[in-house]
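Chemist: Sequence:
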Amino acid sequence: MKKTGAALARFALEQLGVSHTFGIPGVHNTELYDELNASDSIQPVLVTHECGAAFMADAFSRTGSSIGTLVIVPAAGVTHAASGIGEAGLDGIPMLIISGGIHSESGRRYQLHDIDQHALLAPITKATFRILSHAEVIPTLYQAYRIATGGEPGPVFVELPYNIGNFLGEVAEMPPFVVEPLAPSHDPAQLREAARLLVEAHQPGLFLGWGAVGAQAELIQLAELLGAPVCTTLQGLSALPATHPLHVGIGFGDYAVPAAANAFGDCDCLLAVGTRFAEIPTGSYSMPVPENLIHLDINPQVFGANYPARIALAGAAEQLIPALLAEVRALRSETPASPLQTRIAADKAAYLKEWLQHDSRGRVNPAAFCQALRAQLNDEAIVVADDGNHTFLLAELMPIHGPRGFISPSDFNAMGYCVPGMIGAKLANPDRQVVGVVGDGALRMTGLELVTASSLGLGVALFVFNDGELSQIAQAQEIPYNRKACTVLHPLNLAALAEATGAAFVAIESTEQCLDGVARAMALAGEGRPVLVDVRIDYSKRTRFTEGVVKATLKRFTPRDKVRVVGRALWRRVTG
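Residue 344 in my numbering sits at position 344 of the sequence shown, with consecutive numbering throughout.
Simulated from the structure, these hints should not be mistaken for laboratory data. Since the structure is predicted, the reported quantities are computational estimates derived from the model, not experimental observations. All C-beta atoms in this analysis are idealised placements derived from N, C-alpha and C, irrespective of residue type, glycine included. Hints are supplied without guarantee of correctness; some may be wrong.
Here are the simulated distance ranges between beta carbons [unchecked claim]: (1) Ser66 to Pro245: 54 to 60 Å; (2) Gln319 to His490: 48 to 54 Å; (3) Leu46 to Pro245: 44 to 50 Å; (4) Asn37 to Thr335: 22 to 28 Å; (5) Cys486 to Ala38: 56 to 62 Å; (6) Gln43 to Arg332: 49 to 55 Å; (7) Asp114 to Ser39: 28 to 34 Å; (8) Pro308 to Val565: 41 to 47 Å; (9) Lys353 to Gly150: 57 to 63 Å; (10) Ala217 to Leu331: 16 to 22 Å; (11) Thr558 to Asn493: 43 to 49 Å.
With a Cα cut of at most 30 Å, we get these calculated BS3-like pairs of lysine-lysine [unchecked claim]: (12) Lys551 to Lys541; (13) Lys562 to Lys353; (14) Lys551 to Lys353; (15) Lys484 to Lys551.
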């Protein structure tokens with residue numbers, strides 16, 4: 001039979017259960033967009049920029065049941081999307097990227113968009129493919145999907161050349177996609193030893209990353225059985241409900257909130273699940289990890305990278321945690337008595353009170369805002385953050401109740417994630433509340449994607465923490481330099497931006513306006529339109545994370561560099 005490569009690609013995507021694609025059509029993929037437009041099961045989403053498309057696909061994968069998929073033009077489309085692809089690559093998020101490609105049989109050099117896309121994307125993808133014949137289209141897309149979703153997930157790139165995608169070619173068959181079952185694999189002896197260490201520990205603890213989200217129910221049972229406090233990475237913030245009395249927050253150590261620092265103060269055995277012990281969740285590697293570290297991750301390459309593991313368990317948490325729970329139950333049938341939960345609750349209450357009592361100088365107190373927002377959200381709501389000071393304010397002050405209920409850029413740490421991420425999350429979860437919190441700096445990068453939200457009729461609320469600075473970096477500059485270089489922002493008329501993009505507008509200028517302002521924004525979002533909320537936030541109080549990371553970083557300096565940095569800071573305090 002004769003089919004265009006585009007028709008074959010459409011068939012493969014339908015077989016894979018792809019429901020949305022994100023991107024912009026161009027010369028090299030017009031035939032594929034025409035096929036997608038005719039599909040009964042796939043909705044192609046037009047974005048304002050391919051960077052936004054990649055963030056949408058990332059969020060779609062993080063929160064949805066099918067894979068986030070890009071359909072973009074070659075060269076410029078690929079470079080524009082690279083930030084979102086890199087975010088997915090470092091954060092372990094599956095993504096399928098399909099780009100056009102130059103005519104592979106023209107014999108001409110210097111064609112439009114003629115670059116080596118595979119060399120460009122190799123460092124931030126799991127694999128790349130260049131289709132060489134019509135017969136390769138369907139099998140290649142199936143293979144790309146299996147690689148993207150298998151093992152530690154990640155993005156996979158497929159180039160569909162112009163002549164294959166747009167022209168007819170002969171294929172013998174169009175095979176359906178067959179799901180390959182996940183083969184169970186674990187070492188019972190290792191699991192028994194891990195269970196013994198946890199049960200015999202004076203104070204075991206759990207440290208959960210994104211890879212732990214799928215085993216939440218079993219992890220709750222395990223924590224309760226062990227009487228173990230639970231902390232998370234930033235990416236894994238929703239791995240355990242914040243309502244659970246053993247949940248303490250992000251990380252532990254001097255950079256963590258008091259509930260976490262105190263609960264883990266005597267931790268002598270740590271079970272880490274689905275985390276790489278990367279820089280952010282460890283407070284710039286200042287986390288005091290005990291010698292008895294049990295590290296469980298789907299990627300064996302992470303073991304021992306930053307902290308040596310006494311026991312390394314390679315595999316998916318969904319498979320291994322139930323088996324580990326069974327081994328622990330064989331050794332312990334009752335939860336040990338402990339005042340731990342009471343202490344955690346008291347520490348949380350004291351920290352919240354400290355924030356609420358902070359003088360916000362007529363602006364919006366971050367803790368009061370988080371309380372107001374939480375009151376308007378149900379347990380299954382999704383909160384999308386960007387990269388910036390607001391990220392860590394939310395991590396410390398905004399309780400997340402449901403699994404996959406918080407997403408943000410993590411290891412790649414790309415600004416601009418929130419607005420498109422909010423769109424991707426809402427498309428993947430049309431019946432769940434979706435809100436975004438973004439800094440006024442990150443908003444400038446992808447804020448025009450509100451046009452996309454408006455065109456799709458998405459009821460999402462975007463809260464802009466507006467302080468006129470790139471505050472996370474401005475705070476980092478202020479301590480050693482007593483000056484701010486390129487971190488003070490020119491004022492942006494957010495009301496005009498809302499009007500230009502078709503969004504409703506709400507302003508919250510003080511703490512007293514939080515309750516009414518958030519309620520009004522959520523009501524407008526409930527009518528099926530995006531809402532932009534100007535929140536005049538107060539950033540004068542630093543998070544524990546920021547203070548702890550500054551201290552941890554300074555400790556690693558050589559004595560000479562410490563003297564230089566501290567001396568300059570003191571001198572500029574005097575001289576201005």
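Chemist: Is the gap between the beta carbons of Asp114 and Ser39 within 28 to 34 Å?
Modeler: Since the Cβ atoms of Asp114 and Ser39 sit about 30 Å apart, the hinted range of 28 to 34 Å holds.
Chemist: Is 43 to 49 Å respected by the C-beta to C-beta distance linking Thr558 and Asn493?
Modeler: 47 Å, holds
Chemist: With respect to the beta-carbon atoms only, verify the hint that Cys486 and Ala38 lie 56 to 62 Å apart.
Modeler: 48 Å, violated
Chemist: Check whether the Cα positions of Lys484 and Lys551 lie no farther apart than 30 Å.
Modeler: Holds: Lys484 and Lys551 sit about 20 Å apart, inside 30 Å.
Chemist: Hint says 41 to 47 Å; check whether the CB-CB distance for Pro308 and Val565 agrees.
Modeler: 31 Å, violated
Chemist: When you check the alpha-carbon spacing of Lys551 and Lys541, does it fall within 30 Å?
Modeler: 16 Å, holds
Chemist: For Asn37 and Thr335, compare the CB-CB distance with the range 22 to 28 Å and indicate the outcome.
Modeler: 57 Å, violated
Chemist: May I ask you to test the hint 49 to 55 Å on the CB atoms belonging to Gln43 and Arg332?
Modeler: 50 Å, holds
Chemist: Please verify whether Lys562 and Lys353 have alpha carbons no more than 30 Å apart.
Modeler: Distance ~35 Å between Lys562 and Lys353 Cα, so the pair is violated.
Chemist: So does Lys353 sit 57 to 63 Å from Gly150, Cβ to Cβ?
Modeler: Between Lys353 and Gly150, where Cβ atoms are some 47 Å apart, the hint is violated.
Chemist: Are Lys551 and Lys353 close enough, with their CA atoms no more than 30 Å apart?
Modeler: It holds: about 24 Å lies between the C-alpha atoms, which stays within 30 Å.
Chemist: Taking 16 to 22 Å as the stated bounds, is the beta-carbon spacing between Ala217 and Leu331 within them?
Modeler: Given about 20 Å between the Cβ atoms, the range holds.
When the structure is compared with the earlier hints, violations turn up for hints 1, 4, 5, 8, 9, 13 and for no others.
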